[in-house]
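Participant: In case it helps, our numbering puts the sequence shown at residues 2 to 244.
Keep in mind that the hints were calculated from the coordinates and are not lab data.
Some clues are possibly wrong.
Distance windows between CB atoms, simulated [unchecked claim]:
1) H77 - L24: 17 to 27 Å
2) A9 - G167: 33 to 43 Å
3) R191 - A50: 21 to 31 Å
4) A50 - H14: 23 to 33 Å
5) S30 - P67: 20 to 30 Å
6) G36 - A219: 45 to 55 Å
7) R216 - G10: 40 to 50 Å
Computed from a predicted model, the values in this text were never measured in an experiment.
Glycine is no exception: its CB is placed at the ideal position from the N, C-alpha and C atoms.
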Amino acid sequence: MRAAWPDAGGTWHVEPWVKEEILAIFRASPLAAHGRGELREVWPFVDKAALPVRAFSPAGTVRLVPGGSAVRRGAHVGEGVVLMPPSYVNVGAWIGPGAMIDSHALVGSCAQVGARVHVSAGAQIGGVLEPAGARPVIVEDDCLVGGLCGLFEGVLVRARAVIGAGVILTASTPVFDLVHDRELRGTRERPLEVPPAAVVVPGTRPAGDPRGRARGLAVACALIVKYRDAGTDAATRREGDLR
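Please put together the full structure from these sequences, using the hints given.
Facilitator: The structure is reproduced here in structure tokens:
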């Protein structure tokens, strides 16, 4: 059961009933203390009784490194995933095999992270529960999400894209494709989509208001400076070797 899933043609489909059932759990489940033994005395966590923190077995292949990370029940974590501390994976999220969630990174409720994705330190993959029909943030296979990035409001990052450090993308953030001389935008109803293999870095554009232009002010945007090449692939392979 997934909050969103891709068909064979690469079109993503949202399953509102999954989010509706998660919301129903919040309404129906009472609060309860979580933690085991002495941990409950030191850190008396309180959350919905039906959503305890997940435990992983050494017999599996998930590495949950010590240091304050947590994966809430109801999140899928694929084989070979590495979770560096402190990171957090919320209910309804889906993380594909071989992905890495680095320190201080967040995977929000119902967010979809593909196979072999690296979510770098401090990155935020936004979640969404309401409205139930809204598309969650989606990062497809083999992407790199740089440090301190923020992906919010249903942004879709297609396979093998590289989101450079510090890029903030929302549903309607303008992205200027310098390679193909085009402007990419989304709306709340049809959020922004980053093309496959795009390399995206932070940028600015002149302020639209005359008073802003007179003062030389600019507003944030994002720039596609190139599409993945052999050099980009070599850099991401080195990162994988270090893991």
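Participant: Enumerate the violated hints, using their earlier numbering and listing them in ascending order.
Facilitator: 3
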